[in-house]
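Peer 1: Below are the chains, spelled out letter by letter.
2 protein chains.
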Amino acid sequence: MSQNESGISEVTVEVPMNIALVKYWGKRDEKLILPLNDSISLTVDKLTARTTIRMIQGVGKHTVEINDEKVELSSNKRYQTVFDEALRLQRKRKEDSNGNENRSVSHHFEVISTTNFPVAAGLASSAAGFAAIALAIQQLLNLDDIQANRLARIGSGSACRSMSGGLVHWKKGEKDDGSDCVAVKTKDDNWTDLYCVILVFNDGRKKVGSSEGMRWTRETSTLLKHRIEKVVPERIDLIKKAYATRNFEDLARVIMADSNQFHAVCLDTVPPIRYLNESSWQLIETVEKFNQPEIKAAYTFDAGPNACVIVQKKDVSKFINALIRDIQINTDDLETLPEEFRSIEYQKDDRTENNFVCSKLVVSSMGSGPEICTPSKNLELI
Amino acid sequence: MSQNESGISEVTVEVPMNIALVKYWGKRDEKLILPLNDSISLTVDKLTARTTIRMIQGVGKHTVEINDEKVELSSNKRYQTVFDEALRLQRKRKEDSNGNENRSVSHHFEVISTTNFPVAAGLASSAAGFAAIALAIQQLLNLDDIQANRLARIGSGSACRSMSGGLVHWKKGEKDDGSDCVAVKTKDDNWTDLYCVILVFNDGRKKVGSSEGMRWTRETSTLLKHRIEKVVPERIDLIKKAYATRNFEDLARVIMADSNQFHAVCLDTVPPIRYLNESSWQLIETVEKFNQPEIKAAYTFDAGPNACVIVQKKDVSKFINALIRDIQINTDDLETLPEEFRSIEYQKDDRTENNFVCSKLVVSSMGSGPEICTPSKNLELI
Numbered sequence: 001m002s003q004n005e006s007g008i009s010e011v012t013v014e015v016p017m018n019i020a021l022v023k024y025w026g027k028r029d030e031k032l033i034l035p036l037n038d039s040i041s042l043t044v045d046k047l048t049a050r051t052t053i054r055m056i057q058g059v060g061k062h063t064v065e066i067n068d069e070k071v072e073l074s075s076n077k078r079y080q081t082v083f084d085e086a087l088r089l090q091r092k093r094k095e096d097s098n099g100n101e102n103r104s105v106s107h108h109f110e111v112i113s114t115t116n117f118p119v120a121a122g123l124a125s126s127a128a129g130f131a132a133i134a135l136a137i138q139q140l141l142n143l144d145d146i147q148a149n150r151l152a153r154i155g156s157g158s159a160c161r162s163m164s165g166g167l168v169h170w171k172k173g174e175k176d177d178g179s180d181c182v183a184v185k186t187k188d189d190n191w192t193d194l195y196c197v198i199l200v201f202n203d204g205r206k207k208v209g210s211s212e213g214m215r216w217t218r219e220t221s222t223l224l225k226h227r228i229e230k231v232v233p234e235r236i237d238l239i240k241k242a243y244a245t246r247n248f249e250d251l252a253r254v255i256m257a258d259s260n261q262f263h264a265v266c267l268d269t270v271p272p273i274r275y276l277n278e279s280s281w282q283l284i285e286t287v288e289k290f291n292q293p294e295i296k297a298a299y300t301f302d303a304g305p306n307a308c309v310i311v312q313k314k315d316v317s318k319f320i321n322a323l324i325r326d327i328q329i330n331t332d333d334l335e336t337l338p339e340e341f342r343s344i345e346y347q348k349d350d351r352t353e354n355n356f357v358c359s360k361l362v363v364s365s366m367g368s369g370p371e372i373c374t375p376s377k378n379l380e381l382i
Numbered sequence: 001m002s003q004n005e006s007g008i009s010e011v012t013v014e015v016p017m018n019i020a021l022v023k024y025w026g027k028r029d030e031k032l033i034l035p036l037n038d039s040i041s042l043t044v045d046k047l048t049a050r051t052t053i054r055m056i057q058g059v060g061k062h063t064v065e066i067n068d069e070k071v072e073l074s075s076n077k078r079y080q081t082v083f084d085e086a087l088r089l090q091r092k093r094k095e096d097s098n099g100n101e102n103r104s105v106s107h108h109f110e111v112i113s114t115t116n117f118p119v120a121a122g123l124a125s126s127a128a129g130f131a132a133i134a135l136a137i138q139q140l141l142n143l144d145d146i147q148a149n150r151l152a153r154i155g156s157g158s159a160c161r162s163m164s165g166g167l168v169h170w171k172k173g174e175k176d177d178g179s180d181c182v183a184v185k186t187k188d189d190n191w192t193d194l195y196c197v198i199l200v201f202n203d204g205r206k207k208v209g210s211s212e213g214m215r216w217t218r219e220t221s222t223l224l225k226h227r228i229e230k231v232v233p234e235r236i237d238l239i240k241k242a243y244a245t246r247n248f249e250d251l252a253r254v255i256m257a258d259s260n261q262f263h264a265v266c267l268d269t270v271p272p273i274r275y276l277n278e279s280s281w282q283l284i285e286t287v288e289k290f291n292q293p294e295i296k297a298a299y300t301f302d303a304g305p306n307a308c309v310i311v312q313k314k315d316v317s318k319f320i321n322a323l324i325r326d327i328q329i330n331t332d333d334l335e336t337l338p339e340e341f342r343s344i345e346y347q348k349d350d351r352t353e354n355n356f357v358c359s360k361l362v363v364s365s366m367g368s369g370p371e372i373c374t375p376s377k378n379l380e381l382i
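Protein chains in written order, with UniProt numbering: chain G, 1 to 382; chain X, 1 to 382.
The hints are simulated quantities; they were obtained by calculation from the structure and are not laboratory data. Every residue, glycine too, gets a C-beta built ideally from N, C-alpha and C. Heads up, a few of these hints could be off.
Just the calculated beta-carbon pair ranges, DEER-fashion [claimed, not checked]:
no.: 1; chain 1: X; residue 1: Glu371; chain 2: G; residue 2: Gln292; range: 43 to 51 angstroms
no.: 2; chain 1: G; residue 1: Gln328; chain 2: X; residue 2: Val270; range: 52 to 60 angstroms
no.: 3; chain 1: G; residue 1: Phe341; chain 2: X; residue 2: Lys207; range: 35 to 43 angstroms
no.: 4; chain 1: X; residue 1: Glu249; chain 2: G; residue 2: Thr63; range: 31 to 39 angstroms
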């Protein structure tokens, strides 16, 4: 067995976050992170985690650094779970090729990750982060896609949806071991006309974490089961069909209905869970108005007050013009919009001065896949 | 046929509003006001409509006056519906006794109603108002309880639940003509220990009216049907059982879960309907805290932000003490509490100064029935 001089393999990847169009809420297996229902998502090209992983030979502690801050791994068990699984897969692979396992060679990981968005903004950056770790480890260890998908998932459930571009369908699977629980790109070409406008609304309230929230809902909601069994499968089909036929109105209708239903089952929980705040509701109202007489925008909210509004490229500027009449947007954010949307003159007079404040606005195309920035050093040589 | 000298019959009644413990939301027949699901309620003794009806012989226009303001009947069709039905029943009764109908004697109604609570506070005063009209007409025309119940219901659906005291079960019925759709007092003795604390939270938003909201939910929610078919029947049974066995914790659990589920199906509507505001959510949080480690209070919200918190008599003062730490309550309201709750010294220091403002607080016992204040002049003489 050979290896490079220092016994270090390194790879860098860049992975986008994703936003669910039909929401994941509830686990059928807490340990393996197997969901109770299918979900379907698109990536947000501009919001990414850029992650470098080094796999270092020898005894040592794993380290993870995100945006220049060290992560305390003892209180973030998910990283340990991912590293353990990665090293198990590595040993298994060697065992398969050598016929016996060489446990004497130990390794540890060093992860350095940068998100181009504040983690505290609550934009599901952990999904992009764990997808990046999984993708990097896939390169380092030559894993197949299903193994990599699983690695992402046990880090953060919805991370597996960031492992490819296009419309991604995360199938809940039926098997107890989770082997058929995998996120796959649907066959269709990317619908490159889809853009999203993301609005960060700060919120003083203490948020119910999604793992905890899902558990409460699964244990107490009398509506969740019906949603999972009857509503979600139909909606997954509707989304696929609307995406394949480029039917924006149909797509938008399902996106909004499913966001609302996700928040409805949160409210149908004991104790009730609320993620939407007054600004979120103002945004809903703004979109409702904008959608008269024709549906041109679809809002969706994850487990927090921030909004993601999906529009077609041709409607981005129009939508931002509608936004600024109802919600306070930073001048800076408007001035740093992508070139093609910046030419529009957002009239100062049109801008609102009410209490709904968007602390950060981002406009992004959707559907790009992750990127491997450096080729992996061939682990076969280790 | 005889009548009193002036040809006028008059009766005065006083009828309490009621609050649903399992909510009514959705009609199976819009015209007859037949609900999609059973509901169950308690009356609020202190919030009443006191109504005098005169039935005047001769051609003339019906008039309705509420709290000294004339109601424009052309834009409030429900009154006309009720009066038409009342006069139809009167003619039918005469026809039955005389063998032929005497259409030549016409009548009209004069209604004068006073609620001891501002109508604008959004406390379902129309339910008490229509129940009062129905009860008064029952006295005037010697109607049976089922006829009176129907009269109340076609005025305002949930009004039929104010026609008697105790725990009242409004059965949706199965028949198309609504003949088995009736609100009945459950057999149990009144649980006189139940009190409610009502908090009025003003709200700048334009509210979606309940008739319109129900229609939207019925037409667009994919959760409502499951609620109606599976969840509500179980909850009606649970409420009856908890009430019969005086099990407050069980009663409270169902009350809160059903309020939340009602608002969840509102959110699962296209477009989504929201009635709870920030103050409502603060109240939910206050109750959650108060219920540690033992459930002693149950919140419930109708189609608006105002809260009704049900507690046992022994816990009223304790609950108000918890309230004033989180929500601004008028000093006046505290000073005019019923004698038995007034002795508690609400410490000035304990009182909050945040933004959650309760504009009116009312404490009331529950479960009283309506009262007939004057005996009806015997219509048999007309």
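Peer 1: The structure should be examined with respect to each hint, and the outcome stated for every one.
Peer 2: The hints, checked one at a time:
1. Separation of Glu371/X from Gln292/G is about 49 angstroms and conforms to the stated range, judged on CB atoms against 43 to 51 angstroms.
2. Checked against the hint of 52 to 60 angstroms, the C-beta distance between Gln328/G and Val270/X comes to roughly 28 angstroms, which is inconsistent with it.
3. The hinted range of 35 to 43 angstroms is satisfied by Phe341/G and Lys207/X, whose Cβ atoms lie roughly 36 angstroms apart.
4. Between Glu249/X and Thr63/G the beta carbon distance is about 49 angstroms. The supplied range of 31 to 39 angstroms is therefore violated.
Going through the hint list in order, the structure does not satisfy hints 2, 4.
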